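Using the hints, put the two chains back together into the complex; each one sits in its own frame.
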Amino acid sequence: MLAQLAPGQRATILGVAAAASSVVAARLRQLGFRPASDVEVIRRAPLGDPTIYRVQDTELCLRRREARLIEVDPGSGT
Amino acid sequence: MTSCHEEGGAAVAVAGMPQIALVGSPNSGKTCVFNHLTGLRAKTGNYPGVTVGRTVGVTKVDGVEIAVEDLPGTYSLDPISPDEQVVADLLAGNVADVGRPDAIVMVADATTLHRSIVLLAQVLRLDIPCLLALSMTDELTARGGGISVDALSTALGIPVVPVVANRGVGIDTLRAQLASFDRWQRPPVLPPADNDAIDAWGRSVLNAADYVAPQPDRRTRGIDAIVLHPLWGTAIFFAVMFCFFQVVFTVAAPLQERVGRALGWLGGLVSDHVGNYIVRGLLGQGVIGGVGTVLQFIPQIVLLFLLIALLENVGYMARAAFLMDRVMAATGLEGRAFVAMLSSFACAIPGIMATRTLPSSRDRIATIITAPLMTCSARLPVFTLLVGLLVSPQTRWGGLSAQGVAMFALYLCGGTSALIAASLFKSTILRSDLLPFTMELPPYRFPSARNVLITMWDSAKVFLRKAGTIILGTSLVLWVLLNLPARQAETARMSPTQATSFVMDHSYAADVGKAIGPVFKPLGFDWRINVALLGSTSAREVFVSTLGQVSAATDPDDPHEALLTMTDDDGHQVFTTPTVIALMAYFVFALQCMSTVAVMRRETNSWRWPAFAWCYMFVLAWTAAFAARSIAFGVGA
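Residue numbers (our numbering), protein chains in the order written: chain X, 1 to 78; chain R, 79 to 715.
These aren't lab readings, by the way, just hints derived from the structure by calculation. Worth double-checking, as some hints may not be accurate.
[What the hints assert, rightly or not] Where chain R lies over chain X, by a calculated footprint (3+ residues, C-beta under 8 Å): (1) 5–15; (2) 19–27; (3) 61–75.
The structure presented is a predicted model; accordingly, all values stated were derived computationally and were not measured. Where is the CB? At the ideal position from N, CA and C, for every residue including glycine.
Bound-form chain R, shown alone (with noise of 0.2 Å):
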């Protein structure tokens, strides 16, 4: 309900405005003028029916707001990708919902101008009121290139501004021309339509301006020749990416603790003084903790998204891309997925929505129901404990350590089985359409730090409005679920500890946990366990809390001994060793995580593919779970 509202929210706040929409090929600087343009006033969602992200953003001009729309990239009005083909739709007024812009502003990279022409002589064939922004001018002299802007613009019969997006340069020019759209010099003879004549079209202009192409950059050939180096640029490569996670975990777990001290002080204020156990529970625990739970990720994601922006913005990215491709071709996806599929090893979220850079859709939507598969930070707390239940700390397998064995062995086992996943989607309900791999490498370029926050900042209210939310109510719906109906007066003498037992023993979730008892019965677990399977949908790690809550262990957090002695109604162990291992197969597989759904609906643009993956991981975790208790039952465990 919540995306209906939002991609409403885009329509509506720019109804009335006159509609300007900016279009360029991929790596033209578009983004980083849309960015200058519109700065944190940017709207996103999908256009209607298709996995195709839309912006909309606003600037103003002389008080006058003009609503500003940043189309996909695309090379060519002759559409391929369904990005392109929204691109086409849109300027040809096909799009429901979506007006015909009434201008276009064509972003173009002043040192590519050879390939762009044609992209611009499509454009300027629909006969909209069109100006052309030329960036990267500064690139194009510091390399031996020119042009004049005067000579273009006259060739052109359209307005011409140079901007240097990535310094703001020639933003302001830009956006006062925007007001008088209407008035903007309109070509008198349109550019042919044949690809032959647009190519001799395309030099006749350029050489009317006196361009000159730019000598090839020499210090990306130089950055490259160490970078893309079969020995260097792997040992980079693998640096790269292991500061990458290091940056994360280490800079981000300081804060999620400093995070959590606060809200558990918060939390500790309200049970001393909210008399109401309702209100009490429902403000200390479901809000608090839903939120606490939130913030404890914000730090870990807004660094993820950071890194992300960061490394695309200068470049490295399409490099990783390069160096991983062949390895990402085994599995049917490309280069440009294995970025969403490292950083789903933090989050599956920033992973999914990193496959925004994939440009065949079907790629997309395989990284995106196979990247939950890949082992999240938030499973590591429930690792931790189960690994703990099975192996104690001194145990030793061939001198290793078989805690660190069995860790290992699990993120692995979440590793290989996303790969695996993605390559029978691939093969089968995804083969892939005909769109062929192909990447630019831009030149190594300073990210411009505005555009590099906006990216970081919008993909954050992303998280904030679509995974804050579901986890919010969902901590909420919990609480209600695991601490009502009250039962005060029977819990009046016990320790408050044997009191959250006892009232969550006889809870709503109680009922929930014994209901489903039957589905989970083969895999051993206890419906106690169910209870805290329940739980672990707002976020998996707080399996681990709840699990601590029910079976009344001193210290929720590490339950550790009481689950060691937790037993079942019947007085039998509940966490034996096939148990435990079901569990962590369970683990590995299941697709707990609401906020990740959300996110995958947002994307996906529907809920068919969230659905879909959350059946399909189900089935995998349970099969898993179901063989490898078996298994260890066999070998006599």
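Looking at chain X on its own, in the form it has when it is part of the complex (with noise of 0.2 Å):
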């Protein structure tokens, strides 16, 4: 899942958890972590939480929490 990503990470998005609430996936969708999409992992807070993400060319901070809703395939990542 996204969030076991280190930094300087990219993936390819296939899709959002089945636990996450329709909300939280509606939302996350709308943000672009869309299936398919690339996302790469920008850096963390100093505190560690949260993190910054690039996806569907724009750069968007997650909390762990959401982080850990998205599954990604780290394989594939251009």
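Right, dumping it as structure tokens:
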């Protein structure tokens, strides 16, 4: 999942975990965390949370709690 | 009452004009486009029944006036937050008193089209005439991207106007298009509704328009490497916050002093030239005193608004929120609430207004009702006086100035109590709604001067209209209470300070002070302290001068000596150590400031939250004061 990636790593998004509420899943999708999109981990905040990700040409930050819900495939990241 | 009138005003002013709604995601440059289209003619209020701000402006095309509504930023028309609900409802024509718009201008950031094309698809499906304003096109090409505007227009079947909103480029073309909205090209086929189908539709449209997404912004990457660095970033953060307050206090203080002197001179003129006692007092002390209080706040407030708007527009506010999110998460709030809390250290009003950047309405309310606990600058003169009564400037505690330590403790008390209160509310009555914390970090951009100034002006206008009228009104009422009935016969042969004190001792305010005596008696407050507490409802610092007048101090603005020797009706000293400590505790927690209450009412769109905030802070203040006094007695102070 996305929360496990280290800054600098890229991956392809597989989808949002089934455990996520529909509201959270919808918001993440609207922000660009869509299946088949590429995601790159940019940096973590000095206190360890949140983390900035680059997805769909924008940079935005998520807390670990939400990043845990995003399933990724690190192997196929470009 | 004024707020109802104002909201009605926004609706009435634009009735009969064609209505065009601006739709776009947060950070799309939508508000910048709005500000350039409508300039200073925007009206702000609330949508009926919700805590969502409404902004309507008017733009003129060939003599025809068109109403432009700046809808809250939204990522989608499938609403999650109350803001998005308003957008979806309004576009569907479901908001009472606000009709369905005649046309939509969708503002989309050209550098993030892959994402915003989804919103565009939903907007097109509404089947209202729509135009796409493509913002940041200069940035797109500068970062190695590109798009054919004509091909995009053909693929979408709607007009597309490229704009560079922060420099005003393309705005005239856009404005010229607004007049002919009924002749805008309409898409022959509506986009699909299903999520996956929308993605495919978006890809094909962007392919047809030869869209090349931009490279990451190298300048932003470079700046962020330092600004968000664990060590340098933290240091820069504290430096920025330090400068923020340094500017507010060093630049504003001399201006405030000058305003104070000018009004003092004006007040002198009135007292020299107006004969009638009531007219002279109402004009000289009520009006000029009230206007003076407002004007003295203005430099500080305007500077605060300017700095907040500047940091926001440059892109630093999002970074500060990113750095502080972990800290704020401990209270149940999020990074963006930090800005509001911090501003409240200068004044709660800009702090409360800064909560508009919070997407969660529960976070917004939790911040609004706790921000006034932060030690605002109006408490400073009160604390200075009280600390001075408690310890002498020479006293040292462990090598440190005792006055400095006491002052620091009071500030710390205010700050921590605000955070504790926020976390209490967030874990009980305002438990988080389901919105996850997400925040965009836009590239650093040179702010548009026009945009910053309009943002500042709109906020200052709210302060003037809401806080200004309340302060002025309170100040007039207080003059009447404190100075009537007139006692010219009795005071004829007294010195001016004795006369003032005598009038106050026999005024309506004294009756009120004595009537509420039982409430404050357990705290050791004399009825004259109650009169001064009454005075502090227009602005907390008025406590000092009211106390000065009621104690017949030779210099009412520095009543230190007079207060030390002041005795109550039984001849006991009033300002004993336990009472002074109780007063301090009271001022740390109580929500006296009526203008803060008025702004709370405006921002939450109901009296419920300001009433709740006033009550819980009063209970907190009374209890804290009683406890502090009891402890002080206990240790034999």
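A quick look at each hint next to the structure:
Counting residues of the stretch 5–15 of chain X whose C-beta lies closer than 8 Å to any C-beta of chain R gives 0; at least three are required, and the coverage claim is violated. Under a criterion of three residues with beta carbons nearer than 8 Å to beta carbons of chain R, the stated coverage of the stretch 19–27 of chain X is upheld, 5 such residues being counted. For the stretch 61–75 of chain X, the assignment as covered by chain R holds, since 5 residues bring a beta-carbon within under 8 Å of that chain's beta-carbons and 3 suffice.
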